[in-house]
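Engineer: Sequence:
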Amino acid sequence: MTQGTHARRRTAPGAATALVLIAAATAAAQPPDVATIVSRMKQAVEPAQSSLRRMTLTVTQEGSTSKVVLGQARGKLADRNRILTVVLAPSDLQGTAYLVEEEAASDDTRQWVYVPAIGRVRTVISPEAFSAFLNSDFTYSDLGFTPLRSTYSLQGEDSTQDVHTYRIEAVPAQRWYYTRIVTTVAADSFLPIERQFYDPANQLWKVERFQGVSTINGVPTVLTLSMDDVQAKSRTTITVTDLKYGARIPEALLQSQGLPQARKSPLWTSLKAPVGR
485 MTQGTHARRR TAPGAATALV LIAAATAAAQ PPDVATIVSR MKQAVEPAQS SLRRMTLTVT
545 QEGSTSKVVL GQARGKLADR NRILTVVLAP SDLQGTAYLV EEEAASDDTR QWVYVPAIGR
605 VRTVISPEAF SAFLNSDFTY SDLGFTPLRS TYSLQGEDST QDVHTYRIEA VPAQRWYYTR
665 IVTTVAADSF LPIERQFYDP ANQLWKVERF QGVSTINGVP TVLTLSMDDV QAKSRTTITV
725 TDLKYGARIP EALLQSQGLP QARKSPLWTS LKAPVGR
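Numbers 485 to 761, taken from our numbering, label the letters of the sequence shown in order.
By construction, these hints were calculated from the structure, which means they are not laboratory data. Predicted model only: the values in this text are computed from it and were never measured. Careful: at least some of the hints might be erroneous.
[Stated by the list, open to error] Keeping only pairs whose Cα atoms sit at most 25 Å apart, straight-line, the calculated SDA-like set for lysine to any residue is:
(1) K526 <-> T663
(2) K728 <-> L541
(3) K756 <-> V697
(4) K560 <-> D517
(5) K728 <-> T607
(6) K728 <-> Y624
(7) K560 <-> V608
(8) K526 <-> E586
(9) K728 <-> S534
(10) K551 <-> T753
(11) K717 <-> S550
(12) K756 <-> S710
(13) K551 <-> L755
[Stated by the list, open to error] Pairwise CB distance ranges, derived in the manner of DEER restraints:
(14) L561 <-> Q514: 37 to 47 Å
(15) A519 <-> T540: 33 to 43 Å
(16) K551 <-> P515: 39 to 49 Å
(17) Q639 <-> G603: 29 to 39 Å
(18) S550 <-> G603: 17 to 27 Å
(19) Y661 <-> D563: 26 to 36 Å
(20) R659 <-> A519: 14 to 24 Å
(21) K717 <-> Q645: 20 to 30 Å
We treat Cβ as the ideally placed atom computed from N, Cα and C, and that holds for glycine.
Make a model of the complete structure from these sequences and hints.
Structural biologist: Written out as structure tokens, the structure reads:
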């Protein structure tokens, strides 16, 4: 046996180890599949715990600014997730209430709205879900649940300023309102950072930003949500001022027939859990 053969045999285990390490590093560097990213993002923005929130909605358009104080309850009814949003102030909008129920079998949601001036609870049909929420830059649909049955694709990943992100694109089943939605997601928390909405002509229409992340009761939570309409040059911000996870929410508050009385619930006055200040 020659000296060269001995040398080759001595180096072979080292080379094999290096190949294993390279393969492991390559595997570790691979991003999760897009279905996993979307599922983790949904879990991050829709925590399993019930919650109560007080929020301020600020609309800035055409040189004027208006503010609305909202109460929001998130919980389950008959094992289905529901979100109730009710106007607490100002007086001319007070009592307006919106309830959405997630349908597990589809991206469709059941939605109801109560407007005191009309005096009855009304079911929101699908096209109406894309109308403006309280004349803001958010639609009712924007404030609902994350859809899982849009067509998602991973567009890439990036690392800037020590922040590792994934970029995913969603193509809705119905493209008459938004033709596609591109979301930048934080790789560590899976919370969205920015979301771009494109109109039917595939032009950038709105930009949604998720800011002021703070850990509340162990849950990383977005405290400031903004939507800029880059075409109309208007902006809406939703700021969470009070938040309590694990709150006990009466079933009646999450039922459509309870919408006319939702504003009068003592939960709103008893909610004293300031955040972000």
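Engineer: Look at each hint and say if it fits the structure.
Structural biologist: Tested hints:
1. K526 <-> T663: holds, 21 Å
2. K728 <-> L541: With a Cα-Cα distance of about 19 Å, the restraint between K728 and L541 holds, given a limit of 25 Å.
3. K756 <-> V697: holds, 20 Å
4. K560 <-> D517: Since the Cα atoms of K560 and D517 sit roughly 29 Å apart, the hinted pair is violated (cutoff 25 Å).
5. K728 <-> T607: It is violated: about 29 Å lies between the C-alpha atoms, which goes past 25 Å.
6. K728 <-> Y624: This hinted pair holds, its Cα atoms lying about 23 Å apart.
7. K560 <-> V608: holds, 20 Å
8. K526 <-> E586: holds, 13 Å
9. K728 <-> S534: Holds - the C-alpha atoms of S534 and K728 are around 8 Å apart, at most 25 Å.
10. K551 <-> T753: Given pair K551, T753 holds - Cα atoms ~19 Å apart, limit 25 Å.
11. K717 <-> S550: holds, 15 Å
12. K756 <-> S710: Satisfied, since the Cα-Cα distance of roughly 24 Å is no more than 25 Å.
13. K551 <-> L755: Holds, because 20 Å separates the two Cα atoms, which is no more than 25 Å.
14. L561 <-> Q514: 37 to 47 Å: For Q514 against L561, whose Cβ atoms are near 40 Å apart, the range 37 to 47 Å holds.
15. A519 <-> T540: 33 to 43 Å: Once the Cβ atoms are compared, 35 Å apart, the range 33 to 43 Å for T540 and A519 holds.
16. K551 <-> P515: 39 to 49 Å: holds, 40 Å
17. Q639 <-> G603: 29 to 39 Å: violated, 47 Å
18. S550 <-> G603: 17 to 27 Å: Given a distance of about 24 Å, which is inside 17 to 27 Å, the answer is holds.
19. Y661 <-> D563: 26 to 36 Å: Between Y661 and D563, where Cβ atoms are some 30 Å apart, the hint holds.
20. R659 <-> A519: 14 to 24 Å: With Cβ atoms ~21 Å apart, the hint holds.
21. K717 <-> Q645: 20 to 30 Å: holds, 28 Å
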